[in-house]
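**Q** Residues per chain, in single letters:
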Amino acid sequence: MITMTKQRELSGELLTLESMSTREISAVLQEAERFASGKSWRAEKEIFVANLFFEPSTRTRFSFEVAEKQLGLQVLSFTGENSSVQKGESLLDTVKTFEAIGANVLVIRHPKNEYYEEIGKNLSIPIINAGDGSGHHPTQSLLDLLTIQQEFSSFRGLNVIIAGDLRHSRVARSNADVLTRLGAKVKVAGPKEWMTGYADTYEHVSLDEALSYADVVMLLRIQHERHDGEMTWTKNDYHQQYGLTIERESQMKRNAIILHPAPVNRGVELASELVECSRSRIFKQMKNGVAVRKAVLKRALEIEKFLF
Amino acid sequence: MITMTKQRELSGELLTLESMSTREISAVLQEAERFASGKSWRAEKEIFVANLFFEPSTRTRFSFEVAEKQLGLQVLSFTGENSSVQKGESLLDTVKTFEAIGANVLVIRHPKNEYYEEIGKNLSIPIINAGDGSGHHPTQSLLDLLTIQQEFSSFRGLNVIIAGDLRHSRVARSNADVLTRLGAKVKVAGPKEWMTGYADTYEHVSLDEALSYADVVMLLRIQHERHDGEMTWTKNDYHQQYGLTIERESQMKRNAIILHPAPVNRGVELASELVECSRSRIFKQMKNGVAVRKAVLKRALEIEKFLF
Amino acid sequence: MITMTKQRELSGELLTLESMSTREISAVLQEAERFASGKSWRAEKEIFVANLFFEPSTRTRFSFEVAEKQLGLQVLSFTGENSSVQKGESLLDTVKTFEAIGANVLVIRHPKNEYYEEIGKNLSIPIINAGDGSGHHPTQSLLDLLTIQQEFSSFRGLNVIIAGDLRHSRVARSNADVLTRLGAKVKVAGPKEWMTGYADTYEHVSLDEALSYADVVMLLRIQHERHDGEMTWTKNDYHQQYGLTIERESQMKRNAIILHPAPVNRGVELASELVECSRSRIFKQMKNGVAVRKAVLKRALEIEKFLF
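Residue numbers (UniProt numbering), protein chains in the order written: chain A, 1 to 308; chain B, 1 to 308; chain C, 1 to 308.
I should point out that these hints are in silico values taken from the structure, not numbers from a laboratory. Values in this document were obtained by computation on a predicted structure and should not be read as measured data. Please note that the accuracy of each hint is not assured.
Unchecked claim - Distance windows between CB atoms, simulated:
hint, chain 1, residue 1, chain 2, residue 2, range
1, A, K45, C, N255, 41 to 47 Å
2, C, K45, A, T234, 45 to 51 Å
3, C, S272, B, H204, 42 to 48 Å
4, C, S250, A, G72, 37 to 43 Å
5, A, E118, C, K45, 41 to 47 Å
Claimed, not checked - Quick list of in silico lysine-lysine cross-link-like pairs, DSSO-like style, CA-CA up to 30 Å:
hint, chain 1, residue 1, chain 2, residue 2
6, A, K187, A, K253
7, A, K287, B, K69
8, A, K45, B, K284
9, A, K284, C, K45
10, A, K45, B, K39
11, C, K39, B, K69
12, A, K187, A, K121
13, C, K185, B, K112
14, A, K69, B, K112
15, C, K39, B, K305
16, C, K284, B, K45
17, C, K121, C, K185
18, A, K287, C, K45
19, B, K112, A, K45
20, A, K69, B, K69
For every residue, glycine included, the Cβ atom is placed at its ideal position computed from N, Cα and C.
With the rest of the complex left out, here is chain A (with noise of 0.2 Å):
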């Protein structure tokens, strides 16, 4: 008597960028853009959102449950610590908990690469993935597309230049991808050891080189908690080879931008004094990224049905 969960078919969740078009990406950017600019939008029914957060994070979680109240939805929020998994219960029981007893959507972040696959044929309602391992970051993604749209118009033969850490990055591999997508010419920059797996199908060019004609610098954050040690420059040596140093931001184009995920490592990926600079988007990033979360949970909202 042994029965097994249907798979969903239509699905508001979102787990990576790759498996959208372009279109798909387009529409949600076009809404988060209305988010930005001011748009209100309010669910009329009572609609519950479980973000799940198994690996430390400040804007990705706040960032997420700003959303979710400017949306008027109702937010659980749970992380990890104090709760059944420290009795040693599995993630996919977790989130088969939170979806009997009433979540709608579930947000979450997990340490391991391609958490959902296990879960999500066993479950009815949509999980929005908000980081996984070294794997995707999907809405992070979103927020930098919005925030190089709000500045280019249009990414058409836009020079984006990514920079740094790409191995242990959620983020690259998935804008490197996207980026091409949707028409602008893509280059890595770093540390040749770096550039392995998909990295190396990008042009490597030193970023010295790149200033001249790049219209975004995406740096990447030096994920320390994922190195293990193994890093062989001192953070300084790492700026002075590899970083957006002072000297290098004043060779930039007029108009060219730089973004970080953030948090920023100050003096290591980019210097301190940057952070807040006029090209610098990074706080702009921010808060692009409760618009990008609006518009992808009222997505799901509005897949699923749950507002008639």
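Go by the hints and put chains B and C onto chain A.
**A** Chains B and C only, in chain A's frame:
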């Protein structure tokens, strides 16, 4: 000039099921059934509930939180860490603090058996017990009862087998007592070593033999965190000797159901494949947990006259 | 192209009481008294307050949360652990994040004295200081003042004894300063070793002798967590020499009251039996804490013109 706070007379508190009459229990179950069937009810006044969880919990904590939010109550969520408990503050002083700052109801889980004895008489607001050590867990018992009632309409004459770690369970004793009072025939199964104390007052049967007549098999979680390494079986040995294996499940009566309070130790108390089998009511129990907690909270608010 | 955020001119911030005139303080107390007497007021716009607690707290954190919710504000509750602070994020970047994602007001407790100096000028939203190291705790001072004012109507001529751990207290200095400005006669009591710095500018008396004329005995918590094991008394020795024993309480003036910021070390600063004695205003202080925080938040929202 020392004075004492007076003991309260009428109370919406819920500490144990043992102290409730079967009539009161039936009334709560009836209200819970209305909530489970979609009844909507919201407090018209601003009411604050403080959830104080001094032990890890996912299910119970968030189940209460969903119930509270669906009733339109304001929730304060306290989990011991990052609190003045770290500065050595006593339970009494912590609960008095929440009373002083405006909590109308306290929902408490605490590792100490009958923690409420020392604080209840110093409080003028009701406590809803969300689990005390290995003592009681009345809302868990109520949700078990609701799940059985939904299935069989009445408790009279039902054969209920409570199987497993009876010594450390905080629901087994209450459930055995209340089910007996409600007319069910309760027997216990599991390792002989665990059939001490109150468990010894019930007939001890082997699970294999009981499967032919049991209407309800109520499995208990092995509380590894309370065993201090004294378990003498491997997980698999336990499963084969005392657990509900796939083989045993196939011996169950046609309409018999499986209950488990969760989190499940998959492959120990229960074969992993049976967690979502057609007899399993495990996720329905969780769903019923929200309905039961709404009924208990509404009862507390009404008895305490917070609503007028 | 480096730019700096400009310093804000008019502000709803509350960092220390020292920087407020007695007229401003009286206005806040007057508004707090209205809230304490049942005044109801709710923000008509959606306002987000972020409570950032980098140190453990029960009372202050939840007191702010109740105040915020009673004012109809949206609350973001951040507690340091499970955040990007674990990835080495600075306080400045954390608060800028909350500003970027939409917080309108920040309530901050942080272990560093005057943490706000480095961040205030980079923010365009106000900070309400909920405690900085051993520096200040202005809302605690305000609730002490409100409690005294409710009792004696005026501060002029009142004899206030501040007793205990003056060196590590973040309210003693503010309270001594403000009470003196408001016309009270402040003296200090306790171990000589702790009467250094600002404490040395007040008359040092023995508690025994002061009880005959004191109107208010304001006890301070011994902050074991800030002493690094340098205490030279046992708890009982301290209690007998410097604490408020049952014997000493009986020597107090007819209408004299006891204040303590809590959590109380029962049997150290104060005999356990006195925590709820008729002179004790300890739980009234907590209740007043909510009223005071509502007044401070409302003031911030009005000065910042968030409501129009």
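**Q** Does A/K187 pair with A/K121 here, judged by a C-alpha cut-off of 30 Å?
**A** violated (36 Å)
**Q** Does A/K45 sit within 30 Å of B/K112, going by the straight-line distance between their CA atoms?
**A** violated (40 Å)
**Q** Between A/K69 and B/K112, does the CA-CA distance stay at or below 30 Å?
**A** Answer violated: A/K69 to B/K112 is near 36 Å, above 30 Å.
**Q** Does A/K253 sit within 30 Å of A/K187, going by the straight-line distance between their CA atoms?
**A** holds (16 Å)
**Q** Does B/K45 lie within 30 Å of C/K284 when you go C-alpha to C-alpha?
**A** Holds, because 23 Å separates the two Cα atoms, which is no more than 30 Å.
**Q** Within a Cα-Cα threshold of 30 Å, do C/K39 and B/K305 meet the stated pairing?
**A** Roughly 21 Å between the alpha carbons, so the hint for C/K39 and B/K305 holds.
**Q** Are A/K45 and B/K284 close enough, with their CA atoms no more than 30 Å apart?
**A** Between A/K45 and B/K284 the Cα gap is close to 23 Å, so the pair holds against 30 Å.
**Q** Check the hint pairing A/K45 with B/K39 against an upper bound of 30 Å on the C-alpha distance.
**A** Roughly 15 Å separates the two Cα atoms, so the pair holds.
**Q** Evaluate the given range 37 to 43 Å for the C-beta pair formed by C/S250 and A/G72.
**A** violated (57 Å)
**Q** Run the distance test for C/K121 versus C/K185: straight-line Cα separation, threshold 30 Å.
**A** Given that 30 Å is the threshold and the Cα spacing comes to 36 Å, the pair is violated.
**Q** When you check the alpha-carbon spacing of C/K39 and B/K69, does it fall within 30 Å?
**A** With Cα atoms ~25 Å apart, C/K39 and B/K69 stay inside 30 Å; holds.
**Q** What's the verdict on A/K284 and C/K45, does the C-alpha distance respect the 30 Å limit or exceed it?
**A** holds (23 Å)
In this structure, the earlier hints numbered 1, 4, 12, 13, 14, 17 and 19 are contradicted, and the remaining ones agree with it.
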